[in-house]
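Q: Protein chains in written order, with our numbering: chain A, 288 to 676; chain B, 288 to 676.
Among the clues, some could well be false.
To be verified - Across the chosen pairs, the derived CB separations fall in these ranges:
{"#": "1", "chain 1": "B", "residue 1": "His631", "chain 2": "A", "residue 2": "Glu603", "range": "38 to 44 Å"}
{"#": "2", "chain 1": "B", "residue 1": "Glu630", "chain 2": "A", "residue 2": "Asp572", "range": "35 to 41 Å"}
{"#": "3", "chain 1": "A", "residue 1": "Arg604", "chain 2": "B", "residue 2": "Glu603", "range": "40 to 46 Å"}
{"#": "4", "chain 1": "A", "residue 1": "Asp639", "chain 2": "B", "residue 2": "Arg669", "range": "22 to 28 Å"}
If you are wondering where the hints come from, they were derived from the structure by calculation, not from laboratory data.
Built from N, CA and C at the ideal position, the CB exists for glycine as well.
Protein chains: 2
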Amino acid sequence: MTQSPLPVSGAWRSGDPPGSRRFHTFATDHPFALEGGAVLRDVTIAYETWGTLNSDASNAVLVVHAWTGDSHAAGRAERGHETPGWWDDVIGPGKYVDTDEWFVVCPNVLGGCQGSTGPASPHPDDGEPYGSRFPVVTIRDMVRSQASLMPHLGIKQWAAVMGGSMGGMQVLEWATTYPRRVRSIVPIASCMQASAQQIAWGVIGRRAIRLDPRWRGGDYYEAEPGDGPAEGLAIARQVAQVTFRSDNAFTQRFGRNLTDRAQFGDTFGLWQEFEVERYLHYHGDKLVRRFDANSYLIIGKAMDLHDLARGRGTVERAMARINVPNLTIGINSDILYPPYQQEHLSRLLHRDGMVSEYVEIDSIHGHDAFLIHFDEVGAPIRRFLERLD
Amino acid sequence: MTQSPLPVSGAWRSGDPPGSRRFHTFATDHPFALEGGAVLRDVTIAYETWGTLNSDASNAVLVVHAWTGDSHAAGRAERGHETPGWWDDVIGPGKYVDTDEWFVVCPNVLGGCQGSTGPASPHPDDGEPYGSRFPVVTIRDMVRSQASLMPHLGIKQWAAVMGGSMGGMQVLEWATTYPRRVRSIVPIASCMQASAQQIAWGVIGRRAIRLDPRWRGGDYYEAEPGDGPAEGLAIARQVAQVTFRSDNAFTQRFGRNLTDRAQFGDTFGLWQEFEVERYLHYHGDKLVRRFDANSYLIIGKAMDLHDLARGRGTVERAMARINVPNLTIGINSDILYPPYQQEHLSRLLHRDGMVSEYVEIDSIHGHDAFLIHFDEVGAPIRRFLERLD
Numbered sequence: 288m289t290q291s292p293l294p295v296s297g298a299w300r301s302g303d304p305p306g307s308r309r310f311h312t313f314a315t316d317h318p319f320a321l322e323g324g325a326v327l328r329d330v331t332i333a334y335e336t337w338g339t340l341n342s343d344a345s346n347a348v349l350v351v352h353a354w355t356g357d358s359h360a361a362g363r364a365e366r367g368h369e370t371p372g373w374w375d376d377v378i379g380p381g382k383y384v385d386t387d388e389w390f391v392v393c394p395n396v397l398g399g400c401q402g403s404t405g406p407a408s409p410h411p412d413d414g415e416p417y418g419s420r421f422p423v424v425t426i427r428d429m430v431r432s433q434a435s436l437m438p439h440l441g442i443k444q445w446a447a448v449m450g451g452s453m454g455g456m457q458v459l460e461w462a463t464t465y466p467r468r469v470r471s472i473v474p475i476a477s478c479m480q481a482s483a484q485q486i487a488w489g490v491i492g493r494r495a496i497r498l499d500p501r502w503r504g505g506d507y508y509e510a511e512p513g514d515g516p517a518e519g520l521a522i523a524r525q526v527a528q529v530t531f532r533s534d535n536a537f538t539q540r541f542g543r544n545l546t547d548r549a550q551f552g553d554t555f556g557l558w559q560e561f562e563v564e565r566y567l568h569y570h571g572d573k574l575v576r577r578f579d580a581n582s583y584l585i586i587g588k589a590m591d592l593h594d595l596a597r598g599r600g601t602v603e604r605a606m607a608r609i610n611v612p613n614l615t616i617g618i619n620s621d622i623l624y625p626p627y628q629q630e631h632l633s634r635l636l637h638r639d640g641m642v643s644e645y646v647e648i649d650s651i652h653g654h655d656a657f658l659i660h661f662d663e664v665g666a667p668i669r670r671f672l673e674r675l676d
Numbered sequence: 288m289t290q291s292p293l294p295v296s297g298a299w300r301s302g303d304p305p306g307s308r309r310f311h312t313f314a315t316d317h318p319f320a321l322e323g324g325a326v327l328r329d330v331t332i333a334y335e336t337w338g339t340l341n342s343d344a345s346n347a348v349l350v351v352h353a354w355t356g357d358s359h360a361a362g363r364a365e366r367g368h369e370t371p372g373w374w375d376d377v378i379g380p381g382k383y384v385d386t387d388e389w390f391v392v393c394p395n396v397l398g399g400c401q402g403s404t405g406p407a408s409p410h411p412d413d414g415e416p417y418g419s420r421f422p423v424v425t426i427r428d429m430v431r432s433q434a435s436l437m438p439h440l441g442i443k444q445w446a447a448v449m450g451g452s453m454g455g456m457q458v459l460e461w462a463t464t465y466p467r468r469v470r471s472i473v474p475i476a477s478c479m480q481a482s483a484q485q486i487a488w489g490v491i492g493r494r495a496i497r498l499d500p501r502w503r504g505g506d507y508y509e510a511e512p513g514d515g516p517a518e519g520l521a522i523a524r525q526v527a528q529v530t531f532r533s534d535n536a537f538t539q540r541f542g543r544n545l546t547d548r549a550q551f552g553d554t555f556g557l558w559q560e561f562e563v564e565r566y567l568h569y570h571g572d573k574l575v576r577r578f579d580a581n582s583y584l585i586i587g588k589a590m591d592l593h594d595l596a597r598g599r600g601t602v603e604r605a606m607a608r609i610n611v612p613n614l615t616i617g618i619n620s621d622i623l624y625p626p627y628q629q630e631h632l633s634r635l636l637h638r639d640g641m642v643s644e645y646v647e648i649d650s651i652h653g654h655d656a657f658l659i660h661f662d663e664v665g666a667p668i669r670r671f672l673e674r675l676d
């Protein structure tokens, strides 16, 4: 459950060719008041960049990540990131978001565990991990903490802000909170406010983590490595994992085979595994190795609290603040952020005489399709960016 | 977590007008070999009946229940059953399944906790609850154990076998295992074999119960009352509860309101409840009071193992054994047993020249609609039974 060691300076990473990619952290020098009432005394935001900012700083694209994502949107597998960037097929030189043209920035969210301030970070009072002391943050807090990157990087306006799932929530908060700092937006498989069903899945995951005795009320960092709430986190992840995929994708891939009938002979056992169960275990265990359970809780709660309308009257009034070209992408088999929500969102973004497009990806893979079908999601993004130029 | 005390004789229940309803138990006098290889030394099946068996025993209808249901399909709330029968609006004198005409039998399933042999029952070796010693049972085992009721009651053939969800699984196993003992069938919102997604939800619930330290590997009956795996069972139930309902039903009913923002002042807290969360807690806690966690595990596993094709080649070959009038009912908003599965099932039941009907209920309530929209589910059943006569 321990956090992966990550470099915490603005220096070039060794092994990265200069100009190709940078990992930085940026620490604010003033207290950060959260929407929920608490104050963080200092906030560090880890981020990576690809490409080069042009002379008038007009080519900056902000890419924002989903629940268990991080700043490593593109690039190779490496220390601290055991897989290539989560959008490595979308972002890069000559790719859909072409880093020969665009300067791409991807921050790790506030509350995360991959370099930005989160529950595993040292509390300024005592240098011990925040743990249970870490306050609830909101999507709006994440966005406000990212805004401090703009003067730091010399950017006055993002050419585009894009992201899927929780990334899409940040996209919408960016455009609503800072309408003049955003020139266009690409929300993908996301929502304007969490629905009761989305919240319900979140609640169940949180309760599973809390039930794990090794969670210790959130203060498990002193425990031996590997003695954190791995099972609780794995169950929470499995709940999410099922909602991220689809009935048909599961049937096609796993059917209803048992993995280890042989081991049990011809008998059935209560803990005998189905193929789909092994898959869920694999994904649960994989997350446990790279992600902090408290970050999972904090970020999940932020998604459930996501509500563009909070403090702004209605969703419609909040969305009316957004007056920029937009591309909304939905996935036809998404059971978590269903297409009808994406179409509704896109309708509210429509402005006469302005580029406003809705694209629905045809996929069996459900919500996760935006992390699987890179061509289907990348191609409309490239077309959209070309029309902006 | 303790089992509700239930009468265990075939006598009239005090307070029931003679002829209206009876609760019985029936104990087999020989070992019962389970499909999974284990043997139960004795099996008791609790059941209730309504109406009167006619002289040629041609008016017997078997009603089979879902996961957390029991034999109390109709009748008042009473000791051991804190709510009226789960189909009380469907079954009774003058109702859709008219007990002035039909003799209705509803057994509690094998593995259950409402009178039939299950994990909380005494093991014949030592009189202590089976607990972790209770073997995995299958839907086929449930049906075979119910078959022993037929000679006991003097019934050679059921006029109809009907049930929803896991009840529908039993309906199909009845007609496939005992084609000549079933004159017609009514499967509702069910399936021919559990899909990978259905199994995935089951797996997650089981792991949540196992994670609860108070589950004690299944041997928690010695614990103080109220010290069983209540939280694990509640989480498992909540997973199921979300799949039993629908996105839109939740939105309409709960929106995304917090229940206790006032209590937290203007701040947000990690465990601050949304309305939908309170609803989930309510349903989780309600189940915990009336249902045994081990029965939940055993019955859930039985559903995941449900596969009409096992030992019979293919689903199509298994379904070809069924050659009786049939009515299949689906629900358009069911995300767990989606309408396309019901239509597929109904197509495989179609025989030229035989009553074979598919009815889809239009409801916002999802899978649970068959326990909510009594008129919509009852009316086609009455029409179907009338056509049988």
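Q: Taking the hints in turn, state whether each one holds.
A: Here is what the structure says about each hint:
{"no.": "1", "hint": "B:His631 x A:Glu603: 38 to 44 Å", "result": "holds, 41 Å"}
{"no.": "2", "hint": "B:Glu630 x A:Asp572: 35 to 41 Å", "result": "holds, 38 Å"}
{"no.": "3", "hint": "A:Arg604 x B:Glu603: 40 to 46 Å", "result": "violated, 55 Å"}
{"no.": "4", "hint": "A:Asp639 x B:Arg669: 22 to 28 Å", "result": "violated, 55 Å"}
Of the hints listed earlier, those the structure fails to meet are numbers 3 and 4, in rising order.
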